[in-house]
Amino acid sequence: MPTYHLQQLTVRHPGASTAAGARPALRDISLTIEPGEQLALIGPSGAGKTTLLATLACAQRPSDGVFRAFDQDPWALDDSARHRLRAQLFLAPQTPPLPPRQRVITAVMAARLPQWSIWRALASLFKPADPQAAWQALSRFNLGDKLYARVDRLSGGERQRCGLARLLLSPASALLVDEPLSALDPVLSELTLTTLRDEAAARNATLICSLHQVELALAHFPRIVALRAGRIVFDLPRTQVTPQMIAELYQGEAATAPAPAPMPDDRDALAARAGIGACL
Amino acid sequence: MTALPSSLPASLRRDPAWRGRIVACLLALAIVWPMLVVSEFKPWILWDWQSLSATGRFLSDFLVPAHDPEFLLLLLRETWQTVAIATAGLALALLGAIPATLLITDRLSISALGTGRTRLPAQLLRQGVRWLLVLLRSVPELVWALLFVRIIGFGPTAGVLAIALTYCGMLGKVYAEILESSDAHATNTLLANGSGRLAALLYGALPESASELMSYTVYRWECAIRGSVVMGFVGAGGLGQRMDESMKMLAGAEVSAMLLVFVALVALADLFSKILRRRLG
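Protein sequences, first through last, are from chains G and L. Here this note's numbering runs 553 ahead of the position in the first sequence, where the first position is 1. Here this note's numbering runs 348 ahead of the position in the second sequence, where the first position is 1.
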């Protein structure tokens with residue numbers, strides 16, 4: 554039973570135009586991911602990596618195609634059954650979802666919320682339920698000494714690792730990680746990817762990780778899925794990925810910024826799309 | 349490398365939001381002006397010679413507040429009653445407002461996750477609770493107090509119930525709005541990872557907006573103190589009722605002593621709020 558099975562999947566953002574010409578965020582996505590598999594999602598910015606991860610996390614409803622997670626169609630289930638399914642997976646967004654005034658230990662312990670009763674959650678706000686486990690998770694990212702610090706005292710890279718330490722405490726069997734390295738230096742990047750892979754391997758969890766660092770993706774992940782403009786460009790074992798393919802994937806993403814394209818004449822439509830009118 | 353043009357292109361020179369903002373300003377003016385006229389807003393009357401002399405006479409009587417021990421003891425007792433009315437009223441209001449907040453805030457909707465739409469029954473329930481809150485707060489506390497004085501007679505109970513009902517409506521609405529205007533990222537991620545509504549509130553939304561919720565609650569306590577004074581005039585107990593009597597007896601010194609107590613209470617609330625905000629901030 555695969556962890557995920559996607560066939561001809563189309564995903565539109567809620568509120569996005571459904572006109573014939575409008576491009577959905579993702580289209581024609583066919584993907585099967587087995588339990589325990591580790592794969593990297595690569596592709597230029599705006600390719601749809603984050604949308605794909607949100608879809609896999611059942612946080613974004615596909616508009617068309619087949620989507621099965623843990624051999625179930627989450628969107629055919631009722632709300633509460635779908636929500637129970639969500640507890641089997643863990644989505645770590647690119648920006649760490651940590652309230653600034655919260656303490657690190659509370660933020661990390663929040664991984665256990667789906668398993669806890671509300672009374673347990675309340676009690677843990679008063680006296681953290683399992684400081685030992687939180688400390689171990691933080692230590693694996695060199696953050697053990699920040700256990701009782703407040704989140705707003707952490708640097709950007711520390712926050713990012715704190716968000717990943719939360720992942721270690723979650724008992725989920727599918728780990729979806731969105732650009733875990735965006736605020737980390739090369740040494741910490743290596744450590745972080747190794748920790749994530751070890752953790753996934755140790756509990757035979759599926760690990761899906763979107764990355765901008767292609768070399769790291771090729772070095773750490775056996776399977777590479779490349780996205781561009783909402784479609785899968787290739788889905789191959791890393792041994793079959795050639796520098797040529799990588800170059801083509803990022804082609805047009807030139808390092809020099811092009812001159813701004815002329816504005817469309819329909820300025821009101823543009824303003825409406827950007828939500829400018831909303832600030833009135 | 350293509351060189352960037354040195355000046356803004358013609359199509360970008362006009363801010364697309366500009367026209368809307370001008371229209372909004374004119375609209376606001378067009379709405380506010382008739383309101384000022386209708387409400388007979390004429391501040392210059394204050395500086396009229398006749399009103400100035402009346403104010404002077406009144407103030408001179410206020411100059412030395414009443415301070416004989418017997419009166420002070422009475423003042424203390426009535427102050428305590430006022431504080432008790434406000435606190436008990438607010439506590440009762442919270443009993444209703446907190447569950448109502450949990451029900452109406454969109455931030456905690458699980459059915460909206462991934463679809464952007466809440467289910468119809470949930471929507472109806474939310475709207476129903478919203479209407480209930482509108483009903484509760486649209487009737488001024490003074491009117492509630494008059495009503496309760498008729499039903500249960502003179503005394504602080506009427507004031508407590510009146511504050512509880514009106515403030516339940518206000519607190520529920522504003523709490524929900526404070527939660528909705530805070531950063532959704534933490535709460536959404538917790539919900540997406542399968543945690544329940546209450547847990548997501550406790551671990552995501554609450555730490556984000558705890559100090560705003562707190563300072564609004566303390567501010568409402570301050571308002572409840574003031575409200576209980578006004579309600580005292582219709583017989584709902586506390587300092588207000590005493591002040592009403594002093595006013596009718598034209599005892600300016602007593603009134604001024606009571607006003608000083610109000611200033612002290614409001615300053616106390618301010619201090620309290622500041623300390624709590626510093627602790628939470």
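Hints should not be assumed to be uniformly reliable.
Unchecked claim - According to the in silico footprint, chain G covers these stretches of chain L (three or more CB under 8 Å from chain G):
no., stretch
1, 439-446
2, 491-503
3, 526-536
As the list claims (entries may be wrong) - So these bits of chain L aren't anywhere near chain G, every CB distance computed over 10 Å:
no., residue
4, Trp-381
5, Trp-428
6, Val-431
7, Leu-480
8, Leu-483
9, Pro-488
10, Lys-521
11, Asn-541
12, Val-582
13, Met-595
14, Ala-599
15, Val-611
16, Leu-628
Hints are computed from structural coordinates only; laboratory data are not their basis. Virtual Cβ for every residue (Gly too), placed ideally from N, Cα, C.
Results for each hint:
1. 439-446: violated (count 0)
2. 491-503: Since three or more residues must qualify, the claim that chain G covers the stretch 491-503 of chain L is violated, with 0 doing so at under 8 Å.
3. 526-536: n = 4 at 8 Å, threshold three: holds.
4. Trp-381: holds (20 Å)
5. Trp-428: Trp-428 of chain L clear of chain G: closest Cβ-Cβ about 32 Å, beyond 10 Å.
6. Val-431: Non-interface label on Val-431 of chain L holds, nearest chain G Cβ at 29 Å vs cutoff 10 Å.
7. Leu-480: Since the minimum Cβ distance to chain G is about 24 Å, Leu-480 of chain L lies beyond 10 Å and the statement holds.
8. Leu-483: Check passes; 29 Å lies beyond 10 Å.
9. Pro-488: Nearest chain G Cβ is 31 Å from Pro-488 of chain L, so the label holds.
10. Lys-521: holds (21 Å)
11. Asn-541: Given that some Cβ of chain G is not farther than 10 Å from that of Asn-541 of chain L, nearest at about 6 Å, it is violated.
12. Val-582: With a cut-off of 10 Å, Val-582 of chain L remains clear of chain G, as the shortest Cβ separation is near 41 Å.
13. Met-595: Given a closest Cβ separation of 46 Å, the condition holds.
14. Ala-599: holds (50 Å)
15. Val-611: holds (32 Å)
16. Leu-628: Contrary to the label, Leu-628 of chain L does not stay out of reach of chain G, its closest Cβ about 7 Å off (not over 10 Å).
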